[in-house]
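Just need the whole structure built from these sequences, with the hints factored in.
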Amino acid sequence: MTVFLHAVGFGLATSAILALAAVAVSLQVSVTNFINFAYGDFMTFGAYIAWQLDVKGVNIVLAIVIAGAATGLLGVVANLIVFRPFMRRKVRPVTLLIAGVGLSFIVQNLIVIIWGAEPKRLVQTLGTSVQVGPFLLTTGDLIMICTAIVFLVLLHVTFKYTKFGKSLRATSNNIELAQACGIDSERIISITWFIAGIFTAVAGVGLVLEETTLSPTTGFNELFIIFGAVILGGLGRPYGAMLGALIVGVLTEVAGQYMNAAYKTSIAFAFVIVLLLFRPQGLFAAKGKTS
Amino acid sequence: MSEIVDIREVSFAYGGALAVDKCSFTIESGKVTGLIGPNGAGKSTLIEILAGRLKPRSGTVIFDGTDVTSYGPAKCARVGIVRTFQNARVFARLPVIENVMIAARPQSGEHALEAMFAQRKWKGQEATLRKEATELLEWLGLESHTHQRAGTLSGGQRRLMEMARALMAHPKLLLLDEPTAGVFPETSRLIATRVKEIAEQGVTILLIAHNMGFLSSVADDVVVMAEGKVLVRGPLETVRAHDEVITAYLGATVTQSGEGAGNARA
Amino acid sequence: MFILTDLLVLGCINGIMVVGLNLQYGYSGLLNFAFYTYVAVGAYISGVLTLGPSTTPGVTYILGAHLPWPVALLLGGVAAAILGAVIFSFTVRRLRSDYLAIVTVAAAFIFWNIINSDVNLFNGANGIFNVPYITGNADLSTEQYSLIILALAAVVLAACVWLSRRIFRSPFGRLLRAIREDEDVAAAFGRTIWQSQLWMYIVGCFMAGLAGGIFVFYITAWSPSAFLPLESFFLLAALIIGGSGNYWGAMLGAFIVIEGLNELSRYTPTFGRPELAGAFRALVIGVVLILVLRFRPEGIFPERWLDWYGRKTRAAAAARWHPANWTLHREEPSKVGKP
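Chains as they are written, first to last, in this note's numbering: chain A, 1 to 291; chain B, 292 to 557; chain C, 558 to 896.
Honestly, the hints are just simulated from the structure, not real lab data. Mixed in with the good hints, there may be bad ones.
To be verified - Where chain B lies over chain C, by a calculated footprint (3+ residues, C-beta under 8 Å):
id	segment
1	721-730
2	738-746
3	750-761
Claimed, not checked - Beyond 10 Å from chain C on every Cβ pair, some chain A residues (computed):
id	residue
4	Leu-53
5	Arg-92
6	Val-94
7	Ser-104
8	Asn-109
9	Leu-110
10	Lys-120
11	Val-130
12	Leu-154
13	Lys-166
14	Glu-176
15	Ala-180
For every residue, glycine included, the Cβ atom is placed at its ideal position computed from N, Cα and C.
Structure below.
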């Protein structure tokens, strides 16, 4: 039983990371209507920036903030250079997908070129375990969970109570109508990419804290589990993504405890496949988007 | 003449809104029947049901003795129900003649294995089809556009091409959804002539139209739908003067000027 | 000299792959990020069917047999085709493009993971090796053997291109193009979409299997490091850059993107870090891919260059603009009201 609860505890930490990333993806999908395959590499990028600062001895929280801003900027630039020209021409969704793949190549290999391919470790270790209720968590895990909660609450507040949040919801619902009402959808989209970038970076750092090593493919390896969480919650629904992340995170950890660890990622991928084949609309039907 | 289409108590709803409400009527073989009514009356929905793209919530459709209610669009086409679309849809990057040729069934060259390894078998068929397609295009006045990409055709030309394509499929029942919408009067007259000639060859035609002039020159009789039900049925002149029909189109205002009333789209 | 032969062999093998992928993506519009998995299936099956049962302790795999190499090659292709048919029925029929992409990558990864971890299937991470030369025990230098493999690969590539051409010029090819243009209208004229696509998927997988078989005969070994799920992306990038839908474009993509960049990356300065070569290659592919998608989405050799009715279509288009053909209402048919 303790093993099970510990697994659930690990699952919570995983879920925190997944939730941040999944919300980022869902947010961006809700306004732009396509899935960006380069998100995993955005996570890696944020993690590397944080690591670089960590090596220089910068406080971990400050490092996360800077990494978040940097990744947000990356998202905005990516949108400007890569995706917006395509979206302006109303290309087929396949094209955007493949462009995302190309972007993934670019970001991932830029990381290899700049920082090299050998795995890195965080200098400041946060691995001491702490007993919190029935769960056994590391300090790093705790930080992640708290950060995730803070960010998600902030997001929720922004959504519900700010003008930006309302504009965002309008744009994600019906972009032409929102434009007709005077909402500058381009600006909204850029800001959304920025926010998604921040979330992604924090998730990336969380990944490093959890896996203790960082390599250029760290983020990409998580990409499909993130997609699983997003789709489970309903594509384009950030709140659904949070729930999806919780379920997926806990499930994978629990399953991983009882099955061969080498297959842990495969289990997650298999879950995604089954989900897409049998219930692609997720738990709550995705907002009506055409393919 | 026998009844080739028998629509019995067909109902269909989009979400909560009932578009077709226990609609029933029959169509006689070889006749041209017009389907008219104000917008939202359920005409296009009924065509989609007949063509197999939508499944009715209740009711049956009998075509030539077979129950085709559950047939999808491909199966409907195979039993001889062919349709055109409200906004003329063409395969834009294919040449006009290929657009037409593709409608013919069955084509042996369309099976992957035969396409790859049995070239002699379909080369002959291709030549025959090409000839037939060219003749059809000539008949509809499009022969100068045979090798153009279909995307470059104008609206009226696309409608003519759609008719050629539909005919290539040797239909038994031809469903025309607004065949003269957005078309020059001369083209409209050409379409009318062709429609009558097609009917003379034994094809049953059901068409949606709003242009009373066009209807009066092609339709043998007319079914008026409103709010998903059949309101009245009969020859166009009788139906036009029917009180309920005028109310359905125009609300309470009653006018007797035939063309104007007929052309009003609610 | 050997370098040239090696280049050509790899170019041909990759050419077969991209031509196969062209049938799936270029002709039928099906996204397949698991394509290299089929290549791997062909490689493994062809390999073990010529290797015979394992005689070395510690090396385990299924299906050892001493079949003649043409049979093994064909069976490799068939195995890939069967797997393709199964996967198609489960996934491609039901999924829209982005979900299909996710599922195929996930499937490729799972497949890779299982083969890598389960030693009993194909000897896990170490893979199979010592696959016999197709020439039997003849005493040949590496160079001479490469030339023989080059001949085999070139012949198979030519056959695949010939098949692609046949399909393109047939009514089936026309149907595929129509389905790509407007599925609903194609269905409205009695076509079952997925049946046509299934055949192209199967043939594409068969070609992948053949390529894998030839590959394993060439390098006489195969292991999970040879078919990282990443490779499927590169193949797709190669196809798009070369010209999707055009079999010459497919070959061009294979030679330039896969081969050419491979070679180029050998000569890039690495400043003592060997992983830079691969990174540069992937980076360049990513940039070129996005540029192509943006400025020349049909690729270097676009599909329309293949039009066998192209001459007539171009003439018709040119004729439209010729002053002699101008009428007052240019858009209307020239003979109106003719009985």
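Comparing the hints with the structure gives:
1. 721-730: Three-residue rule met by the segment 721-730 of chain C, so holds; n is 6.
2. 738-746: This one holds; 8 residues, not fewer than the three required, reach chain B with a Cβ under 8 Å.
3. 750-761: holds (count 4)
4. Leu-53: holds, 22 Å
5. Arg-92: violated, 8 Å
6. Val-94: violated, 5 Å
7. Ser-104: violated, 7 Å
8. Asn-109: violated, 4 Å
9. Leu-110: violated, 7 Å
10. Lys-120: Holds, since 14 Å exceeds 10 Å.
11. Val-130: holds, 33 Å
12. Leu-154: The claim stands: Leu-154(A) keeps its Cβ more than 10 Å from every Cβ of chain C (closest is about 29 Å).
13. Lys-166: Non-interface label on Lys-166(A) holds, nearest chain C Cβ at 28 Å vs cutoff 10 Å.
14. Glu-176: At roughly 22 Å from the nearest Cβ of chain C, Glu-176(A) sits farther out than 10 Å, so the non-interface label holds.
15. Ala-180: Check passes; 28 Å lies beyond 10 Å.
Violated hints for the displayed structure, listed by number in ascending order: 5, 6, 7, 8, 9.
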